[in-house]
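Chains E and P, in that order, are what the protein sequence lines are.
In case it helps, the working numbering puts the first sequence at residues 1 to 273.
In case it helps, the working numbering puts the second sequence at residues 274 to 627.
There could be a bad hint or two in this list.
Some chain E residues well away from chain P (every beta-carbon gap over 12 Å; in silico) [said to hold, decoys possible]:
| hint | residue |
| --- | --- |
| 1 | I62 |
| 2 | A84 |
| 3 | K129 |
| 4 | A148 |
| 5 | D196 |
| 6 | G259 |
Per label pair, the in silico range of CB-to-CB distance [claimed, not checked]:
| hint | chain 1 | residue 1 | chain 2 | residue 2 | range |
| --- | --- | --- | --- | --- | --- |
| 7 | E | S154 | P | L313 | 46 to 56 Å |
| 8 | P | W542 | E | G42 | 27 to 37 Å |
| 9 | P | T287 | E | T17 | 55 to 65 Å |
| 10 | P | R421 | E | F13 | 15 to 25 Å |
| 11 | E | K98 | P | L481 | 45 to 55 Å |
| 12 | E | P78 | P | G483 | 53 to 63 Å |
| 13 | P | F286 | E | G42 | 46 to 56 Å |
Not the full set, but computed from the structure, chain E residues with beta-carbon under 7 Å of chain P [stated by the list, open to error]:
| hint | residue |
| --- | --- |
| 14 | I56 |
| 15 | R83 |
| 16 | R86 |
| 17 | G87 |
| 18 | M94 |
| 19 | Y99 |
| 20 | S100 |
| 21 | N102 |
| 22 | V104 |
| 23 | G114 |
| 24 | M146 |
| 25 | Y149 |
| 26 | H151 |
Simulated from the structure, these hints should not be mistaken for laboratory data.
These figures come from a predicted structure and were not determined experimentally.
Built from N, CA and C at the ideal position, the CB exists for glycine as well.
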Amino acid sequence: MSLLEVRNLRVTFDTETGPVQAVRGVSFSLGRERLGIVGESGSGKTMTGRAVLRLIRPPGRIEAEAMTFDGQDILNMPEREMRALRGKRIGMVMQDPKYSLNPVMTVGRQLTEGLRLRDRLGRADAVAKAIAALEAVQIRDPHRVMDAYPHELSGGMGQRVMIAMMLIPEPDLLIADEPTSALDVTVQAEVLSILDGLVRDRGMGLIFISHDLRLVARFCDRVLVMHKGLVVEEIAAANLLAAKHPYTQGLLNCLPRIGGPRGPLPVLDRTGV
Amino acid sequence: MTSLPSPAPDRQFTRLLGQIGYGLAALAITLLGLMLVTFLIGRVVPTDPVLSIVGERATPAQIAAIREKLGLDLPLWQQFFIYVRDAVQGDLGNSIRTGKSVTSEIARYFPATLELATLGTIFGTLVGVPAGVLAATRPGSLADQIVRVVGLMGYSMPVFWLGLIGLLVFYGQLDWVSGPGRLDPTYDMMMEFTLTTYTGMILIDAALNGAWDVFGNAVSHIILPAGLLGYVSMAYISRMTRSFMMNELGQEYITTARVKGMPEWRVIWVHAMKNVLVPLITVIALSYAYLLEGSVLTETIFAWPGLGSYITDALFANDMPAVLGGTVVVGVVFVTLNMASDILYRLVDPRARI
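Required output: the full structure, derived from the provided sequences and hints.
What follows is the structure, given as structure tokens:
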């Protein structure tokens with residue numbers, strides 16, 4: 001049985017000028033595998049990820065024919081039970097640790113908060129677990145990081161902290177929403193390999209949201225290509241270069257190639273889609 | 274891997290001390306500037322303090338004698354030097370109106386203002402912050418509308434009018450509270466003659482003396498003006514809290530807290546509130562300082578012998594030493610509160626501790 005099942009998901013925002021649909025009927029299912037969602041900004045990929053966690057705030061609305069996680073209906077689940085699912089069984093890593101970590105709380109407090117409040121661990125146990133989590137994301141001086149505030153960390157460190165924080169409860173599904181887009185290229189590779197290793201070792205499902213086709217192709221088993229709130233193509237990552245859909249082909253054509261012609265890259269043709 | 278600029282705790286403490294020292298130096302300089310300006314204004318106005326002492330029929334010799342006695346014959350910079358030297362020792366000169374020392378007069382008037390302003394700020398904060406949070410978490414809801422309308426009324430209705438209506442309704446009609454003044458005359462005499470004065474704030478002094486009947490009477494007097502000032506500061510505080518909170522709730526770290534499965538109360542009152550506190554401290558301190566300057570209108574309507582009415586009366590009587598003294602006290606209050614909020618700001622915001 002699949003871990004996550006989404007059928008005909010729609011995310012609508014009621015604005016003063018009428019409803020705007022950010023996601024217009026997305027379906028997919030996910031086992032313990034790595035699923036990539038690619039698309040340009042505004043394609044609805046982030047909203048799809050957040051809808052799975054039911055984190056769309058009013059005036060946004062989530063509708064779907066079905067949305068189940070591990071057999072449980074998460075579309076109509078009461079908020080209380082949903083909250084128990086978040087963090088514990090589904091985690092999410094966001095784009096920029098500069099904004100996604102609370103600036104006025106120490107890293108330690110943010111890491112241990114869930115353990116202490118939800119799992120009712122004592123202080124010492126919670127700290128020990130948090131330090132183990134920091135070591136798991138290859139932070140060499142975890143004690144100092146625990147006492148640091150987010151602004152004292154570099155982007156790569158911050159993102160490792162974020163990953164550690166989400167992996168502490170050992171979730172079954174991790175949603176990574178552009179986890180490396182705010183980082184330097186060299187740090188990107190490091191963070192990605194840490195993420196990759198942890199996801200493999202623990203056998204989690206992963207939804208990897210990115211605008212970077214190549215990254216997704218290298219990192220995922222399967223890729224959804226989204227455009228204007230719809231999935232235009234679903235394809236095994238290995239076959240990405242053989243994509244049939246003109247939009248996906250267009251995206252691929254925009255990538256520079258080593259040894260390719262040096263002329264200007266083609267611009268995405270949005271008219272035909 | 275990057276190393277962290279995380280100094281040892283004792284070094285952080287030294288740094289905090291340094292900041293306080295720096296703050297005190299800034300305080301001294303600010304006050305000196307303030308005294309210079311008020312002093313010059315006091316000397317530049319075309320009134321002669323000597324005339325109001327000796328009267329119109331004095332002989333030139335008498336006038337010269339008094340002028341010399343007041344030190345007005347000295348050059349201006351020397352007069353200022355003497356004023357500052359005395360002020361540092363707590364001597365702000367003598368009131369021309371009453372002949373008494375300005376310091377001792379302010380010591381009697383200021384506690385009345387302090388008591389009123391403190392209670393008002395406590396009311397305003399205790400009601401304003403939760404109201405602002407309530408409005409921010411349910412934008413557009415009925416609660417939000419009510420908070421906004423009630424706040425707008427506090428902003429836009431003149432304080433003297435609200436005060437008069439308050440007196441008319443709660444004192445005149447309903448008789449729930451006592452009228453103007455700090456105490457009924459009987460209790461006033463008790464306070465004056467039988468009780469020990471510690472702070473000049475009646476609520477605190479009465480409680481320290483165990484005189485609960487005086488305390489009760491004082492409460493029934495202060496509740497209306499303090500409620501009124503509290504309402505005005507509540508209007509401001511709730512509005513600012515609402516906008517700060519809405520801003521924080523839109524931040525990504527709030528999503529992180531929700532992803533972690535934190536209950537909504539914790540998301541709002543711990544994660545967001547810790548960030549809201551940073552600017553809110555300044556707002557509350559400013560509104561407190563504003564009330565501490567003495568709200569002349571409120572003090573007049575409620576016959577409240579506070580700093581605002583002291584300075585106003587002194588102005589009308591052309592009593593420059595008293596005006597100057599009052600202004601210096603207001604300045605000290607303002608600068609001190611600013612400094613206190615600066616220190617608090619650093620305590621709640623790690624990014625400000627550089």
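Against the structure, the hints:
| no. | hint | result |
| --- | --- | --- |
| 1 | I62 | holds (14 Å) |
| 2 | A84 | violated (6 Å) |
| 3 | K129 | holds (14 Å) |
| 4 | A148 | violated (5 Å) |
| 5 | D196 | holds (19 Å) |
| 6 | G259 | holds (35 Å) |
| 7 | E:S154 / P:L313: 46 to 56 Å | holds (53 Å) |
| 8 | P:W542 / E:G42: 27 to 37 Å | holds (34 Å) |
| 9 | P:T287 / E:T17: 55 to 65 Å | holds (58 Å) |
| 10 | P:R421 / E:F13: 15 to 25 Å | holds (24 Å) |
| 11 | E:K98 / P:L481: 45 to 55 Å | holds (52 Å) |
| 12 | E:P78 / P:G483: 53 to 63 Å | holds (55 Å) |
| 13 | P:F286 / E:G42: 46 to 56 Å | holds (50 Å) |
| 14 | I56 | violated (11 Å) |
| 15 | R83 | holds (5 Å) |
| 16 | R86 | holds (4 Å) |
| 17 | G87 | holds (3 Å) |
| 18 | M94 | holds (6 Å) |
| 19 | Y99 | holds (4 Å) |
| 20 | S100 | holds (5 Å) |
| 21 | N102 | holds (4 Å) |
| 22 | V104 | holds (5 Å) |
| 23 | G114 | holds (5 Å) |
| 24 | M146 | violated (10 Å) |
| 25 | Y149 | holds (4 Å) |
| 26 | H151 | holds (5 Å) |
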